Amino acid sequence: MSTAAPEPAERDWNQCLVEVGQGGNKEQFMAFYRHFAPRLKAWLIGQGGQRDQAEELAQEAMLKAWRHAPSFDPSKASASTWLYTIARNLLSDLGRKQQREQKFIARQSAEQEAMPAVEQAQWQMPELDRQQLAAALKQLPNRQAQVIYQCFYQGRSHSEIAANMGLPLGSVKSSLRLGFNKLCEMVGKP
Amino acid sequence: MTINHHPDQATLISYSAGSLSSALALLVECHLEHCSECRQRVREAENLGAQLLASQPTEQVDEDGFFARLTETEQLPPQQAISGRKPRPKMLQALLAKGEAEVPWRWRAPGLHSYDIKLDDSRLKLLRIAPGTHIPVHSHSQSEVTMVLAGAYQDELGCFRAGDVADLDDETAHQPHTLGSEPCVCLVALEGPLRFQQLLPRLLQPFMGL
Ligand SMILES: [Zn+2]
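Going down the list, the protein sequences come from chains A and E.
Residue numbers for the first sequence follow the numbering used here, beginning at 1 and rising by one.
Residue numbers for the second sequence follow the numbering used here, beginning at 1001 and rising by one.
Please keep in mind that the hints were generated in silico from the structure rather than gathered at the bench.
Small disclaimer: the values here were computed from a predicted structure and weren't measured.
Keep in mind that a hint or two might mislead.
Using 25 Å as the maximum straight-line C-alpha spacing, the simulated PhoX-like pairs for lysine-lysine come out as follows [said to hold, decoys possible]:
id, chain 1, residue 1, chain 2, residue 2
1, A, K76, E, K1086
2, E, K1086, A, K64
3, E, K1086, E, K1118
4, E, K1125, E, K1098
Bound-form chain E, shown alone (with noise of 0.2 Å):
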């Protein structure tokens, strides 16, 4: 998979520093899978948050207490190394795992398909564009990150395949439109709602044959 669109390095600063939305971690995570070059970062900001922790000045804490307890846990053998991956919701796994037909998507408009994931801080929505669609121009009330797992989608800061990310912010306008013949399925995590800029927008009205 050849990646040509990565998330902000403020978005990777946050996923090491554990303080992005859960929608947005479980998104950096798909990314992460794929993409080496991510995960150097996140390991260098993971280094400075480690030292950032051990400037703490201390607080004082229980020994005795922890040593009972540590005499009542057993180690566990090397091959259980920790996966330092969140939960992934059901819908999400079944998506990665088999794909888009696992989904029960719901109709949003010509050619748009979506399923809103809640979680406890944000939304994760899948995203499924049929191919030849048009989405209006639309800006963010706060932020929007899109990856795309199949398919792709073009706008104005350029062409999107699968693997790659849109780490929009809230100036930013576009209109994306899909690419091929494939439908694109894309992860989208959102903090604010979407806030369109025209009032009646030529709003997705699917545009074929492109």
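So that you can see chain A by itself, here it is in the shape it has in the complex (with noise of 0.2 Å):
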């Protein structure tokens, strides 16, 4: 939270990616880029894959909103959201078998402490909601923010949160419905 100049705000980066799509402006997509691929390449990290694949997945993402900017259509998704399911479905085409034993090999050791990372977390969340966003995932029961966790940030299948956690499918199920709705609850509907 420290560095540089302050964050456009989403409306903005919708513009910005309206205006790659238009004008092809190559800077301008680089002000995106680093923006969003720092925090794209933590996740991927925190998906399970190595610096490199993380980094390198993260670019393969990148170049692919780069080719299709020309089609962002803001009044249907938001430039993160875009971002973000571009993200997701290049993950899961990684095919999740895969991707999940180096997973569990990386977790391991890092396995204890899962989900206090949570609240541990440097968050570095120039904008208004981001820092909703961690208070709110601060402010949820355990059980649910840890639920949460675990599908949004480890991509773990219900079943496998149940085994993981010692819990019955229906509570994680419900755990994850409850957590998300209060979440959605405290930090608006985007």
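Combine both chains into one complex, guided by the hints.
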């Protein structure tokens, strides 16, 4: 949070991407890259990627965003949601099994502190909604926060979360619903 | 298509997070094609996912290397939008496009045919249940989600027709039977083996004349 100039708000990233789509301005796209790629890479590492794989995948997602920027339509999805779905799809195309095996190897040592990471994380969120989101996550009951964390940050299926936390499948699903709905209420639907 | 049964909200949330098994993600995508309500829910969860992603602590990235790749990459015309859908296995494609006659069904029991699609982390089963067939009571050791593609069946939870999804967890036991004179064709996303409650169930006895 100590770094650099204020970040543009979400609306401006939409505008930025629309202009990149119309004019093909590479410098402008690099601003988009500098904002999103470092977070995307961090997210991909959380999903089980090694640093170099995460870097490669983040670059691929960004190149895909560049190639397809002309078809970006901010009335359908915001720039960040659009990028998120691109990265998520690339990740799931990698093949879950192989990716999982790597994940589990990478995770064994980190297993103990799996979730407290949410509370201890160094949130670097210059924008208001991000601060709200971090605060909201901390307010969730522990089980709900755990389930949200494992689902969104670690890519675990309901069964995997159930096995990991020693819970029945039904409790995983209800915790996910409750946690999700509370988070949405707290941060407001974007 | 009127849809009465939707995937559990938790399933849609996990779909948005990219954390469903491949079989279940494929099934959910088939439902989303018919259901604007669930598409809306998925979009909401994707918005949250994007915010969670954006709230990550940052990692250092290679700017020069990326810029070099960027200068070598052409942009595509606006009509080439990104397809968000997973690539579909051939047999699923054939079934959806041309119907059940395309599938090389394997006989399992009287009235019951199936075809298994093995995926990297799960199984997608295609099921064809003849009219008037009765499946014995069973529950599931893990999760089982079913989507009806054609025909209809009924169980304790209600009547399921084309587009409907039954999203059961491991505590639910059910006893479905088909409705009407058409075969009921379903997709089933499976993570664990079926667990029959009775040792010798009145297994798959077709009962005629519903
Ligand atoms: Zn639906």
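Outcome of the hint check:
no.: 1; hint: A:K76 x E:K1086; in the structure: holds (20 Å)
no.: 2; hint: E:K1086 x A:K64; in the structure: holds (16 Å)
no.: 3; hint: E:K1086 x E:K1118; in the structure: holds (15 Å)
no.: 4; hint: E:K1125 x E:K1098; in the structure: holds (17 Å)
Every hint, counting from the list given before, is met by this structure.
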